[in-house]
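K.L.:
What follows is each chain in one-letter form.
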Amino acid sequence: MIISVASGKGGTGKTTVATNMAVSLGAGVRLLDCDVEEPNAHLFVSPVIEQSETVFTAVPEIDKDKCTLCRKCSDICRFNVIAIAGKTILTFPELCHSCGGCIAVCPEEGAITEVGRELGLLEQGVFDAGDFVHGRMRIGEAMSPPLIKKVRERIKPDQINIIDAPPGTSCPVITAMKDTDFVLMVTEPTPFGLHDLKLAVEAVKLLGIPHGLVINRSDMGNDDVWQYARTENLPILMEIPFDRAIAEAYSRGRLMVESMPEWKGKFQELFRRIEKLSKAWENRN
Amino acid sequence: MKIAVTSQGTGIDSKIDPRFGRAAYILIIDMSDEKVEVIDNAENVNAFKGAGIQAAAKVGDCGVDALLTGFCGPNAFKTLAAAGVKVANDVSGTVQDAVDAFKNGKIVFSDDANVDGHW
Chain A
1 MIISVASGKG GTGKTTVATN MAVSLGAGVR LLDCDVEEPN AHLFVSPVIE
51 QSETVFTAVP EIDKDKCTLC RKCSDICRFN VIAIAGKTIL TFPELCHSCG
101 GCIAVCPEEG AITEVGRELG LLEQGVFDAG DFVHGRMRIG EAMSPPLIKK
151 VRERIKPDQI NIIDAPPGTS CPVITAMKDT DFVLMVTEPT PFGLHDLKLA
201 VEAVKLLGIP HGLVINRSDM GNDDVWQYAR TENLPILMEI PFDRAIAEAY
251 SRGRLMVESM PEWKGKFQEL FRRIEKLSKA WENRN
Chain B
1001 MKIAVTSQGT GIDSKIDPRF GRAAYILIID MSDEKVEVID NAENVNAFKG
1051 AGIQAAAKVG DCGVDALLTG FCGPNAFKTL AAAGVKVAND VSGTVQDAVD
1101 AFKNGKIVFS DDANVDGHW
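Those protein sequence lines, which keep their order, are chains A and B. Just so we're aligned, residue 1 is where the first sequence starts under the numbering used here, counting upward by one. Just so we're aligned, residue 1001 is where the second sequence starts under the numbering used here, counting upward by one.
This is chain A alone, in the form it adopts within the complex:
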């Protein structure tokens, strides 16, 4: 089973929910931090990292002696990675999305070859409840989806996989949510929280994934998010109050379930409800 934890707005509590649920389940969990631009789940679950590898994505390199400036590569690239300027050919590898189109259309043998652009680090290790994987994007790299995909390659479908997704509703979060069994949306009852939640819900609907809501800091703001959940038929699976003790634990890099063990049962219950909804969805289709 693969659960992705997403939100739309940043800072609503995705990592709090993902890490606390993972640890509450006790064993056999794989926690994957896909927020590779600013991974922070490791701060709370303190994994022992056992493997670390640098990952690359393919970008074109052009042999100027073999290139005939036919422009086929430049024409097919929708990201304008390859430009013909007068009698020279230029590449902008930082814009490349590694589709391989340029190499496929090039009529000259060996004029374009694939070389690597460093994306960052992929690290794997163990923590209290099982295996831990995350990506750390190279500083200066602008594109996170290729590294997120590398983190996701470490999923083991027969285990409980919990993905801590990046915020937003664009390519990085879609990459983290796609083909998961359930999307757990974490929101807060503020206008910003609700605004971005709506965008995220629209995206999840397009992807056709069952989803439910956790309302964090549930005793602040207003009740617009509950009304929205009602109209959208979004199940509210958990509410977490705006509690100083939770904030203090967080600020020390501690889990809620460590400082307040009474939450352990609530996170286990959250997982059971997700499992149930996900099964119901499968049977419905």
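FYI, nobody ran anything at the bench for these hints, they're computed from the structure. Some hints could be false.
Claimed, not checked - Listed below are the simulated DSS-like cross-link pairs for lysine-lysine, each with C-alpha atoms no more than 30 Å apart in a straight line:
(1) K156/A with K178/A
(2) K1035/B with K87/A
(3) K72/A with K1058/B
(4) K64/A with K1086/B
(5) K1002/B with K87/A
(6) K87/A with K1086/B
This structure is a prediction, so every number in the text was calculated from the model and none was measured.
We have chain A; now place chain B onto it with these hints.
P.N.:
The following block gives chain B in isolation, referenced to the frame of chain A:
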């Protein structure tokens, strides 16, 4: 000798479009007879990425010696430099003003891009 000027309209009296990659039009002016060739840049206005690179390649293809515009980013600048096109930034007013300034030697060419990418 030909020069390129980014323009908000198709005529020589149009205002200069301050943006290069996503300019509405690029006018190519032949300095020998001041004949104007209009390049519709609509395709790049809504380009997903790399509008500057694409526009620069296009300008390079026109065989111009210089580009007069408002703001030119680093990737476009690099492409133009490779095509042997000199770039003058911070040019404003109408296209005619720019052409006159160029004729009178009042245009200063840049050594570098004057804005960051994705400006």
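K.L.:
Next step is simple, just say for each hint if it's right about the structure.
P.N.:
Do the hints match the structure? See the list:
no. : hint               : verdict
1   : K156/A with K178/A : holds, 15 Å
2   : K1035/B with K87/A : holds, 26 Å
3   : K72/A with K1058/B : holds, 15 Å
4   : K64/A with K1086/B : holds, 23 Å
5   : K1002/B with K87/A : holds, 18 Å
6   : K87/A with K1086/B : holds, 16 Å
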